[in-house]
Amino acid sequence: MKSVIAENLVKTYRKGEVKALDGLSLDVEEGTVLGVLGPNGAGKTTTVRILATLLKPDSGHATVAGIDVIKHPDKVREQIGLSGQYAAVDETLTGWDNLVMFGRLYHLGRQSSIDRANELLERFDLTEAARRPIKTYSGGMRRRLDLAASLIVKPKILFLDEPTTGLDPRGRQDMWGVIQELVKGGVTLLLTTQYLEEADQLADEIAVIDRGTVIARGTSDSLKKQVGGERLEITVEPGDLDKVNEIVAKISGHATHVDLRTVSAPVLHGSKDLMVALRAMDEAKIHPLDIGLKRPSLDDVFLSLTGHVAEETVVEPIGKKKRGGKK
Amino acid sequence: MKNAIHDAMVITKRQLLQLARVPELLVFSTIQPVMFVLLFRFVFGGSIDSGQPGGYVQLLMPGIFVQTVAFTLASTAIGLAEDMKKGLIDRFRSLPISRGAVIIGRTFGDALLNILVLAVMALAGYAVGWRPTSGIVQTTLAFLFLFMFGYALSWIGILVGLSVKEARTVQSVGFLVTFPLTFLSNAFAPTTGMPRALQYFAEWNPVSTMVAACRQLFGLKNEFGATANSWPSQHPLETSLLYMVILMAIFIPLSIRKYKNYSN
Chain W
1 MKSVIAENLV KTYRKGEVKA LDGLSLDVEE GTVLGVLGPN GAGKTTTVRI
51 LATLLKPDSG HATVAGIDVI KHPDKVREQI GLSGQYAAVD ETLTGWDNLV
101 MFGRLYHLGR QSSIDRANEL LERFDLTEAA RRPIKTYSGG MRRRLDLAAS
151 LIVKPKILFL DEPTTGLDPR GRQDMWGVIQ ELVKGGVTLL LTTQYLEEAD
201 QLADEIAVID RGTVIARGTS DSLKKQVGGE RLEITVEPGD LDKVNEIVAK
251 ISGHATHVDL RTVSAPVLHG SKDLMVALRA MDEAKIHPLD IGLKRPSLDD
301 VFLSLTGHVA EETVVEPIGK KKRGGKK
Chain P
1 MKNAIHDAMV ITKRQLLQLA RVPELLVFST IQPVMFVLLF RFVFGGSIDS
51 GQPGGYVQLL MPGIFVQTVA FTLASTAIGL AEDMKKGLID RFRSLPISRG
101 AVIIGRTFGD ALLNILVLAV MALAGYAVGW RPTSGIVQTT LAFLFLFMFG
151 YALSWIGILV GLSVKEARTV QSVGFLVTFP LTFLSNAFAP TTGMPRALQY
201 FAEWNPVSTM VAACRQLFGL KNEFGATANS WPSQHPLETS LLYMVILMAI
251 FIPLSIRKYK NYSN
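Listed in order, the protein sequences are those of chains W and P. The working numbering puts the first sequence at residues 1 to 327. The working numbering puts the second sequence at residues 1 to 264.
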């Protein structure tokens with residue numbers, strides 16, 4: 001069964017001047033994770049806002065848990081949790097204050113709200129910070145509290161809008177751990193991200209979006225196959241360039257890319273190919289200045305899917321400012 | 001309906017909690033009016049011949065009270081605009097709560113804050129010699145008037161906040177609206193010195209009718225405002241009540257509708 005279905009969503013801002021969504025369609029199978037991958041301005045947040053009933057599309061149709069988001073937004077709200085760029089918490093209040101308040105707004109009783117708040121603070125490792133105002137929290141703690149606030153009534157369907165944007169690597173790792181735990185619990189998750197690695201780590205399926213429409217869709221492996229997976233990259237003295245180019249071409253079997261002193265090409269077997277290359281260069285008595293495997297980035301995905309790099313077309317809905325941490 | 005009230009109360013409680021966590025908020029809301037009290041009482045007050053027993057401060061304090069509650073318009077708008085900008089309103093809107101609760105709760109919260117602010121201002125007035133002479137009932141009634149006026153303006157603030165969305169712009173807009181309204185009035189000086197046209201504006205100005213009403217309820221003679229012999233300056237209590245009813249009748253439905261349509 002599909003928990004989330006979006007069909008042909010169109011949304012324009014500024015009286016049609018800016019097209020945020022241009023016939024976007026996607027769906028999420030119950031109990032799975034869909035990663036919506038795209039650059040800033042591709043329409044990720046607009047999609048989430050429509051599915052979470054915060055925004056009405058100009059046209060198109062969407063259901064969440066089988067309920068029409070336009071006709072019955074109130075019923076949808078009972079089924080979902082939302083966390084991310086937009087859905088925030090009150091920074092002047094403490095973490096505990098916030099969770100209890102949201103519990104009350106979900107119509108839990110006073111004691112149940114308190115119990116649930118304590119339980120969530122414990123689970124997200126925030127017990128020590130519980131009585132401090134949110135504005136003293138680190139980026140990672142803030143996101144965890146934000147996520148906790150969306151889990152108060154154990155929603156079956158969860159929307160996470162760029163859950164790790166702006167976090168340091170450590171904070172990102174922590175957040176991934178937290179999300180993976182959630183997914184194990186059987187929640188249906190739609191998450192948006194700018195990072196291929198993140199979609200790779202967390203999502204069963206990935207939808208790549210660009211300029212308000214889905215341009216590719218599939219598992220992480222199938223997308224990588226399309227992109228060419230990892231790339232072998234070797235930097236050498238200019239004199240050795242031709243010889244190295246030959247070695248790399250043989251291992252890769254694809255066209256190589258030569259740039260000043262660096263040769264690169266897609267490889268299928270990662271570290272095994274890296275060793276083969278090292279051995280071949282050792283035999284040829286070539287000393288690499290640098291050698292490594294490069295994982296495909298969002299830019300690589302975009303380059304191979306669209307022929308252009310991931311542009312940041314800044315579509316900023318008036319008065320709905322993006323919060324900090326975006327780069 | 002029961003849920004709507006419950007939800008609104010949770011939002012109201014949030015604002016009181018904010019005050020408990022950041023008590024400086026109360027200082028910010030009172031420091032400006034307190035400065036005005038000192039400025040007019042001690043700097044200008046000496047040269048104003050009020051003709052009132054008890055001196056200029058008796059006329060001044062009702063003006064300060066009204067100016068203080070008039071600022072609710074801006075503070076409600078700023079608070080709401082900040083919540084929208086930070087994404088808190090979106091979070092609330094993603095919850096299964098009744099639609100009007102968020103803004104109704106905010107107006108309640110700002111009203112409760114006004115009680116505190118008025119209490120602080122009354123103490124400040126007392127400290128510089130303000131003494132109402134009308135007895136407890138009338139004095140309480142005056143504060144009830146002030147409270148109601150603040151509440152009515154709060155609803156204009158909701159509409160402004162929802163429309164402007166940017167806290168800094170709201171601040172300027174709030175200033176642009178409240179500044180002329182409070183100064184083109186009888187709050188600080190008699191309207192007699194104004195050009196005729198301005199005088200009529202000043203006397204129909206709800207701030208003036210409120211000030212005149214409060215002066216009356218605090219036991220003063222109302223000669224400070226009734227110069228153009230206009231109907232509002234003759235009947236300040238009735239006019240003020242009428243203004244409040246009209247403001248609420250217009251702005252409560254408008255604001256709620258605006259909030260509900262916010263998703264478009």
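I should point out that these hints are in silico values taken from the structure, not numbers from a laboratory. Check each hint, because a few of them may be wrong.
Unchecked claim - Below 27 Å or equal to it, Euclidean Cα-Cα: the simulated DSSO-like pairs (lysine-lysine) are:
(1) W:Lys135 <-> P:Lys85
(2) W:Lys154 <-> P:Lys13
(3) W:Lys135 <-> W:Lys184
Taking 27 Å as the top limit, are the C-alpha atoms of Lys135 of chain W and Lys85 of chain P close enough?
holds (16 Å)
Against the 27 Å threshold, does the CA-CA distance of Lys154 of chain W and Lys13 of chain P hold or violate the hint?
holds (24 Å)
Restraint check for Lys135 of chain W with Lys184 of chain W, where alpha carbons must lie at most 27 Å apart
Outside the cut-off at roughly 31 Å; violated.
Violated hint for the displayed structure: number 3, the only one.
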